[in-house]
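Put together the whole structure using the sequences plus the hints.
Mapping to numbering that gives the first Met the number 0: the sequence shown position 122 is 121, numbers consecutive.
These aren't lab readings, by the way, just hints derived from the structure by calculation. Please read these numbers as outputs of a predicted model, since none were measured by experiment. Fair warning: there could be bad hints in the mix.
[As the list claims (entries may be wrong)] Dumping the calculated DSBU-like pairs for lysine-lysine here, alpha-carbon to alpha-carbon at most 35 Å:
1) K130 x K86
2) K86 x K152
3) K171 x K81
4) K105 x K130
5) K171 x K89
6) K81 x K152
7) K152 x K193
8) K130 x K165
9) K193 x K130
10) K187 x K86
11) K190 x K86
12) K130 x K81
13) K81 x K108
14) K100 x K190
15) K187 x K105
16) K137 x K100
17) K152 x K171
18) K108 x K152
19) K108 x K86
20) K130 x K187
21) K152 x K190
22) K105 x K137
23) K152 x K105
24) K100 x K152
25) K139 x K152
26) K165 x K152
27) K105 x K81
28) K187 x K137
29) K190 x K130
30) K190 x K105
31) K86 x K193
32) K105 x K165
33) K193 x K89
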Amino acid sequence: MNVIINRQARDVMADKDELLEQVKSEKPVKNKILSLPFLIIGFLVIVFGAFMLYAMTHQHVTNNSSSSQTSTTTKTKRTSSKYVAGKDYKITYNNQGVIDKATLDKGLKVSYLTDVDDLMDTSLNGSNMAKVEVYYNKDKNLLVERLFENGFKDDEDTHYVAYDLKNQEMFKGSLYGSEYLNQPLVYKWEKLTK
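Listed below in structure tokens is the structure:
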């Protein structure tokens with residue numbers, strides 16, 4: 000009888016070992032199946048991270064070379080300017096007793112009117128300016144900028160914009176002649192070369 004029990008115990012043990020072998024052989028498959036989503040997520044995170052790094056770098060380069068110039072970029076352009084004051088262009092300030100020069104210069108800088116290279120640039124990317132007049136509207140605390148592109152006629156501005164000194168941003172409203180008519184002319188930039 001002991002022999003029969005031992006044989007049954009061995010058969011049970013063999014079945015148990017066989018089951019363990021099956022489980023062990025299936026476990027790597029389950030691990031592979033479970034690790035596949037993590038691999039896909041990891042790959043997507045790496046690709047997305049690389050894309051974001053590229054986008055941030057590209058945005059930084061674009062901002063420095065287009066409309067969002069920093070003061071460092073403006074200083075660099077000013078020192079490497081190929082145009083000479085008095086020869087190529089003329090600047091006239093009439094702000095004495097009207098508006099503080101530092102406030103005026105800040106508004107001019109935000110409006111990109113201090114970048115002489117850009118003002119003189121006649122290419123598609125340049126401002127192509129012949130003249131810029133800036134008026135100070137004290138009642139509305141605005142700098143109204145009349146912009147005259149090369150080829151303007153009869154003292155008619157090509158377009159005009161305003162800088163809101165109170166909110167320190169470009170004016171977001173409708174502009175009318177009354178914004179600058181009968182207001183003091185505080186700054187004028189003129190191209191002298193043809």
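Results for each hint:
1. K130 x K86: 15 Å, holds
2. K86 x K152: Distance of about 23 Å is within 35 Å: holds.
3. K171 x K81: 34 Å, holds
4. K105 x K130: 19 Å, holds
5. K171 x K89: Since the Cα atoms of K171 and K89 sit roughly 30 Å apart, the hinted pair holds (cutoff 35 Å).
6. K81 x K152: 27 Å, holds
7. K152 x K193: 15 Å, holds
8. K130 x K165: The given pair, whose Cα atoms are some 26 Å apart, holds under the 35 Å limit.
9. K193 x K130: 12 Å, holds
10. K187 x K86: Holds - the C-alpha atoms of K86 and K187 are around 16 Å apart, at most 35 Å.
11. K190 x K86: 9 Å, holds
12. K130 x K81: 18 Å, holds
13. K81 x K108: 19 Å, holds
14. K100 x K190: 22 Å, holds
15. K187 x K105: 15 Å, holds
16. K137 x K100: Distance of about 14 Å is within 35 Å: holds.
17. K152 x K171: 27 Å, holds
18. K108 x K152: 27 Å, holds
19. K108 x K86: 22 Å, holds
20. K130 x K187: 7 Å, holds
21. K152 x K190: 15 Å, holds
22. K105 x K137: 16 Å, holds
23. K152 x K105: Within the cut-off at roughly 30 Å; holds.
24. K100 x K152: Given pair K100, K152 holds - Cα atoms ~30 Å apart, limit 35 Å.
25. K139 x K152: 29 Å, holds
26. K165 x K152: Given that 35 Å is the threshold and the Cα spacing comes to 33 Å, the pair holds.
27. K105 x K81: 23 Å, holds
28. K187 x K137: 18 Å, holds
29. K190 x K130: Holds, at roughly 6 Å.
30. K190 x K105: Holds, at about 21 Å.
31. K86 x K193: Between K86 and K193 the Cα gap is close to 11 Å, so the pair holds against 35 Å.
32. K105 x K165: 12 Å, holds
33. K193 x K89: 13 Å, holds
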